[in-house]
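Just so you know, the sequences run in chain order A and B.
To convert, take the position in the first sequence, counting from 1, and add 7; that gives the numbering used here.
To convert, take the position in the second sequence, counting from 1, and add 20; that gives the numbering used here.
Errors might be hidden in some of the hints.
Said to hold, decoys possible - Distance condition first, Cα-Cα at most 27 angstroms in a straight line; then the derived BS3-like pairs of lysine-lysine: (1) B/Lys294 x B/Lys191; (2) B/Lys191 x A/Lys121; (3) B/Lys224 x A/Lys58; (4) A/Lys166 x A/Lys58; (5) A/Lys144 x B/Lys191; (6) A/Lys144 x A/Lys58; (7) B/Lys274 x B/Lys213; (8) A/Lys134 x B/Lys224; (9) B/Lys116 x B/Lys214; (10) B/Lys335 x B/Lys216; (11) B/Lys213 x B/Lys294; (12) A/Lys134 x A/Lys58.
As the list claims (entries may be wrong) - If you want the footprint, here are the derived chain A segments under chain B, 3+ residues with CB under 8 angstroms: (13) 69-76; (14) 122-134; (15) 142-155.
What the hints contain is simulated information worked out from the structure, not anything from laboratory work.
These figures come from a predicted structure and were not determined experimentally.
Beta carbons: idealized from backbone N, C-alpha and C, even for Gly.
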Amino acid sequence: MNRIVTIITHSPEETRFLGQYLGEALIPGMVITLDGDLGSGKTTFVQGIGKGLGISDDDYITSPTYNLINEYSGRHCLFHIDLYRLIDPLELDDLGLEEIIYSQGISAIEWADKLPAKTLTSYLSVKIVVTGEETRKVIITACGRENTDLIEDIRDNFKEKKWH
Amino acid sequence: MIVLGIESSCDETAAAVVENGEKVLSSIVSSQTDIHHRYGGVVPELASRKHIESIVPVVNEAIQASGRILSEIDGVAVTQGPGLIGCLLVGFSFAKAWAWARDIPVVGVDHLEGHINSVFICDNPPQFPFVALLVSGGHTSIYHVTSHTQARVMGRTRDDAAGEAFDKVAKMLNLGYPGGSIIDELAARGDPKKIKFPRSYLDKNGFDFSFSGMKTAVNRYIQNHQDEYQEQAADIAAGFQDAVTDVLCFKLMKAAQEAGCNHIAIVGGVAANKGLREKIRSQAVDQNLTLHIPPIDLCGDNAAMIAASGFHYLKAGHQLPLDADVYSRIQK
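Construct the entire structure; sequences and hints are all you get.
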């Protein structure tokens, strides 16, 4: 079974749409890690996830870099987390991050490599690579035992996708 | 009425003593700027443990510096949200317990409303109604303010806060993080017209902001000019700052026009940015608007603004019940 799928998007709208597709398929408690350079579209992708989760258009999904944790309510709660500003893993306890990660909400985490090893057991890794001014390579990997069906499903739906 | 203010919503533990919502007797902020530098610029000051360590000495220092004695304090105002739950709870629980033990009232204050009220701590406060631009590391919004406790959001950022875009551009130019204030200094030495960055206005009739694309444009410029960008740093900073402040200034002026206000204000950490202050000041003169900016040390997160806000709730007889809780999200 294949655990990895790569999709090419050609605009922020397409990146957002891919996020939305994923958001619609997410089940409670799922964790998504996001990697990608500055300006690669991580927040754009999470905006799509939010849309897929039915979060109101009035709730702007904004960068969590400064606030660390942004919380939104939709079909499931969405926690958008950015660990960039953390340097001490001890601070993670203080933030109550485990309570969030192991909750029934959806956690979308940027800079998840700052988490202590084995904090995450089963999660989706989303890597966004800048390949052109607006084009991005989005690599989604099912890490751990679960979510392989979801990867298959995304592949089936996006492999031959004619973006309009 | 003398109010003790307490703030712990994010990075800073702060306490202040303010008289009648406008006269600051003391304002203490446990800023750790030197520590940030030692760690290569990343802020290590987020842990609620740090707030727990700081809260008692910071409050004691604020009371001592105010020149007043404990029994002269009439009430307590504390940040209730939005912010990090763990951090908020430290100040909030402390404030409730402290007020309860002293048998004085305590009120909860919204952090953003606190920023708006920071503009009343100056010699020349605005008249209601006025339009306020709140611009900081975590927020960028425009408010129509009709009283000390009533403000309507006219627009807000859809992606990055302006202060965050400044910090990230500083990072791209290897100036450390957070480096928004360094961009301001660097920009003063550069030519804002040399490198032109796009202005993102979204809907020119609306008041929402988007700074993510402008940040990305700087990143793209740096990627495409790997050999020269170090020497051009001042011009890049100036060009970027010019683009961001153009948009902030345009929307603030337009908001004042739409709301029919003659008074405008800039509050929040980025209100300390000289480029922004100068641009808005000169436009305000052109358009016959009176501009109000809090003193520099009250632009960033502080507790004097919380005390200034809380004063109006205390005066109106509000009081938090002991089982009141903090909130993480922006209240609409």
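Cross-check of the supplied hints:
1. B/Lys294 x B/Lys191: Status holds; Cα separation ~20 angstroms.
2. B/Lys191 x A/Lys121: Measuring from Cα to Cα gives roughly 19 angstroms; hence the hint holds.
3. B/Lys224 x A/Lys58: holds (25 angstroms)
4. A/Lys166 x A/Lys58: Holds - the C-alpha atoms of A/Lys58 and A/Lys166 are around 22 angstroms apart, at most 27 angstroms.
5. A/Lys144 x B/Lys191: Between A/Lys144 and B/Lys191 the Cα gap is close to 24 angstroms, so the pair holds against 27 angstroms.
6. A/Lys144 x A/Lys58: Given that 27 angstroms is the threshold and the Cα spacing comes to 21 angstroms, the pair holds.
7. B/Lys274 x B/Lys213: holds (24 angstroms)
8. A/Lys134 x B/Lys224: violated (34 angstroms)
9. B/Lys116 x B/Lys214: Violated. B/Lys116 to B/Lys214 sits at ~54 angstroms, over the 27 angstroms cutoff.
10. B/Lys335 x B/Lys216: violated (51 angstroms)
11. B/Lys213 x B/Lys294: Cα-Cα ~17 angstroms, so holds.
12. A/Lys134 x A/Lys58: holds (20 angstroms)
13. 69-76: holds (count 7)
14. 122-134: n = 0 at 8 angstroms, threshold three: violated.
15. 142-155: Per the Cβ count (0), the hint is violated.
Consistency note: the structure conflicts with the earlier hints numbered 8, 9, 10, 14, 15.
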